[in-house]
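For the protein sequence lines, the chains are U, H, Z, F, S and R, in the order given.
Note that numbering that gives the first Met the number 0 has the first sequence beginning at 0, numbered continuously upward.
Note that numbering that gives the first Met the number 0 has the second sequence beginning at 0, numbered continuously upward.
Note that numbering that gives the first Met the number 0 has the third sequence beginning at 0, numbered continuously upward.
Note that numbering that gives the first Met the number 0 has the fourth sequence beginning at 0, numbered continuously upward.
Note that numbering that gives the first Met the number 0 has the fifth sequence beginning at 0, numbered continuously upward.
Note that numbering that gives the first Met the number 0 has the sixth sequence beginning at 0, numbered continuously upward.
No lab work stands behind these hints: they were computed from the structure.
Here the structure is a predicted model, which is why all the values come from computation and not from measurement.
No false leads were mixed into what you were given.
No distinction is drawn between identical chains; accordingly, a pair holds when it is met within one copy or between any pair of copies.
When the alpha-carbon atoms are kept at most 20 angstroms apart in a straight line, the in silico SDA-like pairs for lysine to any residue are as follows:
(1) Lys-49 with Ile-12
(2) Lys-9 with Asp-68
(3) Lys-9 with Gly-31
(4) Lys-9 with Ile-25
6 protein chains.
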Amino acid sequence: MNVSARNCIKGTIMKITKGPVMAEIILDIGNGIQITSVITAHATESLGLKEGKEAYAVMKSSEVMIAVD
Amino acid sequence: MNVSARNCIKGTIMKITKGPVMAEIILDIGNGIQITSVITAHATESLGLKEGKEAYAVMKSSEVMIAVD
Amino acid sequence: MNVSARNCIKGTIMKITKGPVMAEIILDIGNGIQITSVITAHATESLGLKEGKEAYAVMKSSEVMIAVD
Amino acid sequence: MNVSARNCIKGTIMKITKGPVMAEIILDIGNGIQITSVITAHATESLGLKEGKEAYAVMKSSEVMIAVD
Amino acid sequence: MNVSARNCIKGTIMKITKGPVMAEIILDIGNGIQITSVITAHATESLGLKEGKEAYAVMKSSEVMIAVD
Amino acid sequence: MNVSARNCIKGTIMKITKGPVMAEIILDIGNGIQITSVITAHATESLGLKEGKEAYAVMKSSEVMIAVD
Numbered sequence: 000m001n002v003s004a005r006n007c008i009k010g011t012i013m014k015i016t017k018g019p020v021m022a023e024i025i026l027d028i029g030n031g032i033q034i035t036s037v038i039t040a041h042a043t044e045s046l047g048l049k050e051g052k053e054a055y056a057v058m059k060s061s062e063v064m065i066a067v068d
Numbered sequence: 000m001n002v003s004a005r006n007c008i009k010g011t012i013m014k015i016t017k018g019p020v021m022a023e024i025i026l027d028i029g030n031g032i033q034i035t036s037v038i039t040a041h042a043t044e045s046l047g048l049k050e051g052k053e054a055y056a057v058m059k060s061s062e063v064m065i066a067v068d
Numbered sequence: 000m001n002v003s004a005r006n007c008i009k010g011t012i013m014k015i016t017k018g019p020v021m022a023e024i025i026l027d028i029g030n031g032i033q034i035t036s037v038i039t040a041h042a043t044e045s046l047g048l049k050e051g052k053e054a055y056a057v058m059k060s061s062e063v064m065i066a067v068d
Numbered sequence: 000m001n002v003s004a005r006n007c008i009k010g011t012i013m014k015i016t017k018g019p020v021m022a023e024i025i026l027d028i029g030n031g032i033q034i035t036s037v038i039t040a041h042a043t044e045s046l047g048l049k050e051g052k053e054a055y056a057v058m059k060s061s062e063v064m065i066a067v068d
Numbered sequence: 000m001n002v003s004a005r006n007c008i009k010g011t012i013m014k015i016t017k018g019p020v021m022a023e024i025i026l027d028i029g030n031g032i033q034i035t036s037v038i039t040a041h042a043t044e045s046l047g048l049k050e051g052k053e054a055y056a057v058m059k060s061s062e063v064m065i066a067v068d
Numbered sequence: 000m001n002v003s004a005r006n007c008i009k010g011t012i013m014k015i016t017k018g019p020v021m022a023e024i025i026l027d028i029g030n031g032i033q034i035t036s037v038i039t040a041h042a043t044e045s046l047g048l049k050e051g052k053e054a055y056a057v058m059k060s061s062e063v064m065i066a067v068d
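Isolated chain U, as found in the complex (with noise of 0.2 angstroms):
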């Protein structure tokens, strides 16, 4: 599937954290960069997200911001 979301970076899973209802699941994209995500406890397990498995982070152009120094 395709999806319109503009950005897609591939990474691997360092670490879950994981509640009753969300997980925080934190990817290193290489560069010493790794970025942060929170989804469900549900999509966490249907994914079969584990840690040290390869993921891509996957963000709406609508939802990143811009900052400068």
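Knowing the structure of chain U, use the given hints to seat chains H, Z, F, S and R on it.
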């Protein structure tokens, strides 16, 4: 100012497409990876964004999805 | 690709209104229900969206609110 | 109150999973389609949500993505 | 209709900038504070928004970030 | 750091409810108005948020809806 958004990735502005209300900003974050952001045209002006300048992509964790192959 | 977004509803594209940066897509999902989506004009082109074509509305659970009468 | 969110779909609450901060609400909107929402546990209480009750899924258009096969 | 979004702040519409797809609404909520919202041009019309009219800014809690100096 | 998010409202933290993954922050912005935010528990710790401290609610414009009576 220190923001709760967990994700802040440095890059260079490659392209700005400005409409009457919104603007699309394409950021090169290295390693051949680009991040697309949509913000208001007003924000683009008030931050002084220009092609070639350094900027950060900032994403709240709850806006980041995870995908697997 | 399998995305963590819990919601994926099939429909038919009824109308596309394209601006310089964003595009509004109206999807008919049957039973007289329409879903309106706003994505980038670039995404509309790269997915090859056209009126009359089948497509899915995809929503991250944390973006869905609940209301009662 | 009339909200700008373009999407409002009627359904029946199938399941509520409540954590200390967030709650996951699964809504059946008919035709075998379910919508998953994550809202605060406080909102769940203040709206008096209960399994079996009618409720609406409400989505801002800019939060809805489009996908194609 | 009673929505799960925890935040609803009353104000007066100061300025509407309308593009072909999106519209920017600036709301004065008193005390010299303004809130900027971006909604679809269609929503602006269907709600009958006009400069000088009262309106509310509505935000889902999970869309609100926190910052400190 | 200067962020594109158009909305930044100063307040005082009234209450923090912390779960294993997410935390709910209630901010008093004066005039009897409260703003509820949900961020990660990790962000709450890394920003050093505490009840009674000053903080800002930050909202991207495209996340703010408009409602009328």
